[in-house]
Amino acid sequence: MSNDRTPQPKSGLSRREFLTRGAAAAGGLAAAPYLLGGSPAWAAVDEGAKVGGKVDVLNWTFYIDKKSKKDFPKQTGIKLKYSETLDDNNTFFAKYQEQFANDDHIGFDIVTPTTWMAARLIELGYVQPMPFDLMENRGNLRAELENPAWDPTGEYTVPWQTGYTGIAYNIEATGREITSVEDLFDPKFEGRVGWLLEMRDSMTLALLSTGMTREEIAAGVTFNDAKPAFDRLEKAAQGGQIRRFTGNSYVSDLLSGDFALNVAWSGDVAQLTLEEPNLRFVVPDEGGHGFWADVMCMVSTSKRDKQVAAWLDYFYDPVNAARVAGYTSYISPVADIEDELAAIDPDAAENTILFPEQDVLDRLVQFPLLDPDDEERFDERYAEITGG
Amino acid sequence: MAGAADTAPKRGRFAPYGLLSPGIIWLILFFLVPVAILLRASLSSQPERFVPDDLRFKWKWSNFSNALNRFGPQFQDAMRNALIAAVVVAVIIAAVVVLRRGLWHSTRARRLLIGALVAGFFGAYIITSTVDGWGDHFQRSFLYAGIATLLCIAIGYPLAYVIAFRGGAYKNLLLGLVVVPFFTTYLIRTIAWKTILFDNGPVVDILQSIGVLGDSGRLLATPGAVIGGLAYNFLPFMVLPIYVSLEKIDVNLVDAARDLYSSPARAFRKVVLPLSLPGIFAGTLLTFIPASGDFINAELLGSPTTSMIGNVVQNQFLVQLDYPTAAALSFVLMAIITIAVLIYAKALGTEDLTG
Amino acid sequence: MTTVERAVGGPAPVEVQRSFPPPWLRRGGSWLLNIYAVLGLVYLFIPIFVIVAFSFNAEETKFNFTWDGFTFDNWAHPFAEQGLVDAFVLSLEIAAIATAVAVVLGGLVALALTRYRFRGSALVNLFLVLPLTTPEIVLGASLASLFIAKTYPSPVPDSRGFLAILIAHVMFCVSFVALTVKARLRGFDWTLEDAAMDLGAGPVRTFTKVTLPLMLPGIMAAALLSFALSLDDFIITLFNSGDQTTFPIYIYGAAQRAIPPQIQVLSSMILIVSVGILATGTFVGRRRERAATS
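Protein chains in written order, with the working numbering: chain P, 1 to 388; chain X, 1001 to 1355; chain V, 2001 to 2294.
One thing to keep in mind: the hints can contain errors.
[Unchecked claim] Covered by chain P, according to a simulated footprint, are these stretches of chain X (three or more residues, beta-carbon under 8 Å): (1) 1198-1205; (2) 1217-1224; (3) 1306-1317.
Hints were generated in silico from the structure; no laboratory data involved. Quick reminder that beta carbons are idealized off the backbone N, C-alpha and C, glycines included.
Go ahead and model the full structure; you've got the sequences and the hints to work with.
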């Protein structure tokens, strides 16, 4: 692709380096688990003086199990206000931008946007460094998630869950296994294909469908590079191939059969396959988007360092992390939780969507951070296509 | 009604203005002023992408051309369809008025005729001068809203008629039943339609088995679903004004008409229908306008090909935070509708706009 | 009583039914039309049936979309979703305050328009209609522009949120109230006021004892209307809500993810309450009518 890559001022890492890290991350996941041996760090907090106070958390829907919501306040003495109303990064940003800009408190201490949005929040100064000095379980973070591109110094974000993007399909509706991004453009499925509103997920697959390789994508994508992909997507949207662009709501479209196949997030489908055996999930031969992460950030107006640290600690305890991962079916950012997960939910530990094979991991590519001017053009173009 | 002399309103020097002022000031502050600010925003530039509150006023007319360029297809379709709808309505009005002229001569009839002709002329002129190529896309905002409005008349008029003339003691109850579904939130009703019409659902199955839909046919994510959703959601705004205008009809007039015309059907055509026209027009406005700016139905029941201008404004304003573009688009939308409303107002007199 | 009711636009006298519908309609065609109208009503209620049905859905998946069986659980725990309850309460609050303000402002406008002849009344009439003939999306966007504009020294809040929603709701409710009350007051016999004054009542007493009671049915109707409009408003609210989540906005968010059955339960509750009000109103109205005629 193009050689004149725009330098990324916010990133201390070159994209190439990041790619290697990504690959390492992929490798790390599949590596044999080694036992952490109980959870001493958490136990210490548990027995120690309760923290007290209050913490307000904004997260995506169905991203936490019921027990954690009840157990966290019990363990820490912290009153928890947990809101699940985050449903789209752009909408989230638009909703709170004004208050962020005015330095008004948005009513949450912790917000959990996706990495690229977190990068924007960091750059605009809307979030503050995490109180790592008060946090005990930080060491449990999977090594490959340290110092990521979206947060080069690693001070501002702590991953909540990570996952990857591929294609979900209903074998009954498609009548065949889906293997390629080309299947999304197969006229046989006209009007029954869903794509994600989240641009980076959809564009990764669209870019792969126009012949860009994973290496080229990881190395950086300019607006010019993406033109053919946008055009192809637009043609599919206007020609009636694509039924809808959605957020999480694709789940109901898949269940009702309105979608035969769609671009989907790994965790949602892993949950659904338990209920609906005809549903499958695949990372196409050309590749998929991953790993992406939804990361916790502490808003700059929050003064609840202790409570935020307790929140982070609680979910970086392997047992709790395993429970959350078991519920969400996404991939925990906490290292080596396989045994804990197996203890809670043996099926989940066997699930190949949660613990993908090496060849799947090899096919994943991370959508690169965009140059701000390019980002605007990407957003505008994507909005035109999705009908906004 | 009692004699006019008894009930004539008093002449007031200051009192009426005193009574008016709180409400009117509110409307000025929170309707007129915001619209002016919107206009200003549509002519401003936004130096920083994510800082929409720092707009610089620059007489930037290019916002309009850029916005219309970018979202040209949506708007071209929208405008063309609005004008087609206007011409169709105008022709219908003209036909009705002309046919009834001998029996129904009043200033209102003349105003109606003039308004219709102006609308028709205006519409025809713009259609012929601006539209190039029909039918590359065959539907969008105003067309959907127009069809939805016609559907509302088709469903709503008989309903209002039966309630007004045959409701008897249950008139208010029946009227209430028309309104009650609308106490459940608009969104949840629209989502319910999604549950009813889904591809593997019973409705689609039945339609497929009787051959209305092809084997791979569907209802959701089609223009039909969007139009149906619009018609459903704005139906009460059609029924209520028609009901009001029907209920106002003086029974003696109807009796007289029945004495004059041999057939009750003719009495209906010559008396009841013309007298209820203001209700139809008011209903048309109250249905057509919100429908043309709606984005919920297109979003929930439609597909990318059925996206309406409301979807664009919503996305530009609330997701992309591009205020000048959103402002320019909404201003064009408002301008088109205001012109249409003024023509109606001229034809009908403002008193009748809302029954 | 009956004359007053007629004056303020109450139900028309019963004779109407005797002289109209025309006889041909009472025979064959009459039935067809009635059936058509009933079908129209049924059409209005189709989604409502679905909403009520799904409030009893024993959802197996967390996506309340397919029918999984019957349960009373959702009704037993209608307030299980804290976020939903908060949103619902917020919507009720806003609707109540907005209605109260709009009824006063709009009622006064209606009074001025019907009771007095004055210069500019035609203009005021037109002005009242304008907010109703402007697409909601334009109203929402323009109000939002007002609230976020920092360059104007303005008496209004400088960001979107509770107050902004309230202001917006009052704005569109004022028009509806004014027009509804006005329609009811048209043709009202204002000499009654003079009569009261002649009998020695002061202006305040006249207003509270004569004018207000006569306006009351119109005001009640207008209040109900604006309460419902405010409770249901989505588009204008979305543009001005800031970080506030009203009931419709919550549903909009839920539609992006999954709909908790409690939404259907609360919607059904609203429905039951409004049907209840309606039925009581009809019942009381009929009894009063009977009392008046006997």
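How the hints compare with the structure:
{"no.": "1", "hint": "1198-1205", "result": "holds (count 4)"}
{"no.": "2", "hint": "1217-1224", "result": "holds (count 3)"}
{"no.": "3", "hint": "1306-1317", "result": "holds (count 7)"}
The structure is consistent with each of the numbered hints, conforming to all of them.
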